[in-house]
Every structure is written in C-alpha cells, then in structure tokens.
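Line by line, the protein sequences give chains A and B.
Residues 1103 to 1300, numbered by this note's numbering, are exactly what the first sequence covers, in order.
Residues 2 to 416, numbered by this note's numbering, are exactly what the second sequence covers, in order.
Certain hints may be false.
To be verified - Straight-line Cα separation of at most 16 Å, EDC-like style, residue types lysine to aspartate or glutamate; simulated pairs: (1) Lys1283(A) x Glu36(B); (2) Lys1130(A) x Asp1152(A); (3) Lys57(B) x Glu1240(A); (4) Lys1163(A) x Asp257(B); (5) Lys1163(A) x Glu1192(A); (6) Lys1130(A) x Glu72(B); (7) Lys366(B) x Asp204(B); (8) Lys70(B) x Asp1124(A); (9) Lys1283(A) x Asp257(B); (10) Lys1256(A) x Asp257(B); (11) Lys192(B) x Asp257(B); (12) Lys1283(A) x Asp13(B); (13) Lys1163(A) x Glu72(B); (14) Lys1173(A) x Glu1240(A); (15) Lys57(B) x Glu1111(A); (16) Lys213(B) x Asp254(B).
Quick caveat, the hints were computed from the structure, so don't treat them as lab data.
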Amino acid sequence: MKGVKDVSENELKLIDNAINGDIDSFEKLIKKHQKFAYNVALKYLKAPADAEDVTQEALIKAFRYLGSFNKESKFSTWLYRIVINTCKDELRKHKKEQNNYSLNNEENYIDAIEDESYEPLKNVENNELGKNLHKAIEQLDMNYKDVIILCDMKDYSYQEISNILEIPIGTVRSRISRGRKKLRKIINEMELFTQMNV
Amino acid sequence: MNCKEVRKYISDLVDNELDYDIKKNMLKHIESCSECRNIYKEEQLIKESINLTDLKPLPSGFNLRLHEKLENENKNVEKNNKKTTKVIQLIKKNKKYLSIAAVLILSVVLINNLPFRLGGMSSNDMAAPVESMKEEMAISDGEFGNLETSSRSFDMAVEETTEETSAEQEMVTSGIDDNLNEYQTGRVIIKNGNISLDILDLDETIQLISDKVSAYEGYISNQQSSISYVDSSGKEFRNGYIQVKISSEYFEDFMDYAKNLGRLKNSNARSNDITNEYRDTVSRIENLEITQQRLRDLLKKSETVEDTLQIERELTRIRGELEHLKGAVKNWDRLSQYSTVDISLNEVEAIEIKIQSIDKNIFQKSKEGLMNTINMISSFLERTFISLVAYSPLIILLVLALLFIRRIFKRSEKK
C-alpha cells in the first residue's frame, strides 16, 4: 500500500461524479471498501444487523459529505475514518457496554506493561489459533481493536492509521505494541480454558 | 541492545516500521536470544493469522438497500437544493426592494427602541403608568368607600412594618451571637402556617387579629382586601388576606386563636427543621474565622511583597465566604425567630350554610356572565384597533413587499 499514489485518476473521476450526485460512480468507488467497512463494524457491534445499519449509515454520510473530502489524501483512509467514527457514535448512543475482557481495565493493563516476563503461546502450531484470534480480538479494548484491525487486516502503515484515527503516531505505536501483548495474553488464557474444558 | 529495548520495539519490527540500523541491531539480538525470538515469531504469527482471516461477506441485499438509501439521499439533496436555489433566486431578483424594505423595517425598530423618543413621547409614556395607577387607586377608593377604616389600618400596618423590620434587623444582628451559642443545644426550626376562614365582618376580624398580633410581639407584614361579589340587594362581600409575622414561641397559640375567628375552611402548619444545616454553616464560619486569624498573623510576619499579596488574596476570598455564610445564618435566624402565618378571610352572609334560592343565583350568574362577555368583546376590539394603528407602517411595508414578490412570480411564470 505504501508508495502508491494517494488518489488514482480513475478514483478522482469517480469522486467528482459522485459529488455531483452520481450514485453509480459512488457505488463503484466504495465497492472494494465496503466489505472491509462492514467487517470493521462487525468487530465493533457484533450483531450483523447493527453492523449493516452502521456501515450503510457511514457510507451515506460519506456520500453526503464527499464534497469535503480532501483529494490530497487517500480515499480509503477518509472512508474508514467515517466508518470507525460512526461505529463509536453508535456505541455511545446505545451506551452498550462492550463486553471487554476483564483484564482490559487500566490497572491490569499497567501491570501487563510492567510485567516483562514471557509466557510462550501454547499450541502455537495448532490451527486453534486462527479460530481463537477472532474471539480474542473481539475481547480487546476498543482502542486496541482499532489499531490492530487496521494494522494487521489492512496492512496500513502507522502513519496512515494515525490519519484514520486522528491520533498521534506515537499513540498508534504504543497501542499496537500493547494490543499485541494483550492478544497474546488473551489467547493464552483461552487455550488454558479450552484445555480445562477438555 | 538488551531484551527490554527489543521487546519495546518488537511490534514495530513486525510491522516493518523501523529504520534500517535499529532493525539490523534488533534482528541481531533476536538471533542470539531465544525468548525474544519466540515473542517475535508469535507476533508475526498473530499478524499473519489476522491478515489471513477471511472477511465476512456482506449480508445479502446489502447493495440493494444501500442503493435505495443513496437515492433517497439524492432526492433529499435535490429538494433542499431546489428550495434554497428558489429562495436565493428570489432574493437576487428583488435585492433592491428587499434591501429598501429591510432598511425601513430596521429604522422603524430602531426608532421605537431609541432611549430618547421623538416628539417628547417618552415623558408622556412615563407618566401614563403613574396616571393609570392613580386612576386605579381612585377607583378602588371609590369601591372601598365604606372601607376607609381598613385602608387606614393598612397604612398604619405598613408604617408598623417598616419600623418593625428595622427593629427586628437590629435584634437579629445583636442576637446572632446568642444564637450561635444557642445552636449547639436548641433546634433551629422555621415555622409557617396558613389558615383560610369564612367570617361575618372583615374589619372586625382584621382588628381582632392585629390586636392579638401586637400582644404576641408580632407584626402584620402584608394586608390586602377586595370585593368578592355584590349580592342582589346591593350588599357587598369582601375578601381579605393578611400575612402575619409572629414570634415563633407563640406560633401554636396564635394558630389556635386565629382558627376560631370564623368558620375554618382550611388550615395547615409546616415546620422545617434546619438545625443540621445551621450547625454546619456555623461551624464553617468558626473554622473560617480561625483561618482568617491565622492568615492575619502570617500577614504580619510576611516579608516579601509576593507573600503579602498572596495572603491578602486568600484573606479576601475568606472574607467573602464568611460574609456569605453569615448572611445565610442571619436569614435563618430571622426566619426561625419569626413564624409566618398567612390568613385568607372571606366575608359571608352567614356562618351557617344555608340554601340559597335557586332563581336568584341563576339570574345573578347569567348577569355576571353576560357582562363579562360584553367586557371581553369590547376589550378585544379595543386591543385589535390599537395594534392595527400601532403596526400600520409595518403592515404597509409587508403588503408592498408581498405585492412585489407576487408580481415577480407572475413575470417568471410568463417567461
């Protein structure tokens, strides 16, 4: 993704048409992004129906405010920022308490940072990892979820993530590092749990 | 590079976000340290696994629903655009006339709100309320022609009130220290009561009440009376209202006495115990006073200007707070020393309830109703006329503007 020209000629043309109200152009423009947008929403809201509503709301917002899109930056960056902000707004609106992993509160998180001891992942070679990873990401704090999804699913650079989420690059860096650490911890405990159940 | 540093940047390494030199150093360390190597591998594995996890497909019909919403959005935008463009076009076409109208309206508004008015209107206007008040007073004097005694007693009451209040304030200020000592043992209670009575003679009752009030070291703080109705034989019945402030130790006695002055329709007594708040506030005052004294001592000892200023500032703040709290305590003292009793009096023909002849009642009521309606209509007409005349310049302007707009619409339709 790095080194690619921010907005391609084709994209620019589509954007101009869409600003003038051409729905087809807009649909072409978002075609390759909407699946990921929906998956991001799913990570936030869990219920597929909610995720669909929020994704569509975000896409409509994008259509409405396309005129304010700064053509110097990347379209996908701009679009995902809208999607993520809409998801957060939705969560706030319903005051849905994210079913966060119990370790994710601030105190434990400081402990985790201080604790430099290393526990190797069990069953690393096992296929279980892929399955558990999904659940583990869902349990992550919202702040870590953002960065991990954008970094690992979409291969965005730290700079791009900082643009999308509108946070400093240093924050991105530390959140990714802590997020991964936490993921490892969650996966470890999940594996313990499954072993106990077996 | 040690393990701690390496682990700090391991995510950066996985994400390929590091400068070449640091990257080289880290990889070197990772080759030699098995634990760091494992962490690195795991993080890589996690990243790859997340990268490989399949995205969930869009729900069926997603695009269709989105398309519908987008079309709706487009329609809304068009509608809004049409509306706004129409308005903008209209404004553009009639810029000249609209600006003239705006200037005229603005000048009308401005002239109306100027502090000095043209043509000496202001003095007339100022005099008007006074005049009308005098008129009203004259009318009420006429109505209360037979009430001279009561209005005189009212005047007296007013005088009494002012005297009493100043006396009472003195009492409060001097009494505050006593109260401060008393608060630790006694309770601070604010008592209020109200009584509603049917009576035979208003003047007599008011006299009885004011006698009792002065016997109980109280005063009348408010007194009103008005005519409630005139019966067919021309006899007037009046309503009265008295507010009495009475020393709180006699509150119950006075309530009992007042209740028996006529036929009791309604009475209630409330007492509000504010002892806790009172004590809190007083102890805060004491604490603040101690602090104030300490600060004063400090002020004497302070050597630098900066210190002095800072202490002065703090002293001012404390003084302000003290004044505020003392004011509250004074107010509570006053309220708890004097209970308030509101008495509503209603003159009736007889204390015993008797059956009124139905015919007389109906006639009376319909006559009243008819008069009310006529009064209402005449006052409505009067007000309409006044506002028509008052707003006539504005109305003319508005009509002109409307005519212009209509003409322009017609023209554009023809085109």
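Tested hints:
1. Lys1283(A) x Glu36(B): Measuring from Cα to Cα gives roughly 14 Å; hence the hint holds.
2. Lys1130(A) x Asp1152(A): violated, 24 Å
3. Lys57(B) x Glu1240(A): Holds - the C-alpha atoms of Glu1240(A) and Lys57(B) are around 14 Å apart, at most 16 Å.
4. Lys1163(A) x Asp257(B): violated, 73 Å
5. Lys1163(A) x Glu1192(A): holds, 14 Å
6. Lys1130(A) x Glu72(B): holds, 15 Å
7. Lys366(B) x Asp204(B): Not OK: Lys366(B) and Asp204(B) at ~27 Å, beyond 16 Å, violated.
8. Lys70(B) x Asp1124(A): The hint holds at about 13 Å.
9. Lys1283(A) x Asp257(B): Not satisfied, since the Cα-Cα distance of roughly 80 Å exceeds 16 Å.
10. Lys1256(A) x Asp257(B): violated, 86 Å
11. Lys192(B) x Asp257(B): Cα-Cα ~14 Å, so holds.
12. Lys1283(A) x Asp13(B): At roughly 13 Å apart (the allowed maximum being 16 Å), Asp13(B) and Lys1283(A) satisfy the hint.
13. Lys1163(A) x Glu72(B): The hint holds at about 13 Å.
14. Lys1173(A) x Glu1240(A): Given pair Lys1173(A), Glu1240(A) is violated - Cα atoms ~33 Å apart, limit 16 Å.
15. Lys57(B) x Glu1111(A): At roughly 30 Å apart (the allowed maximum being 16 Å), Glu1111(A) and Lys57(B) break the hint.
16. Lys213(B) x Asp254(B): With Cα atoms ~10 Å apart, Lys213(B) and Asp254(B) stay inside 16 Å; holds.
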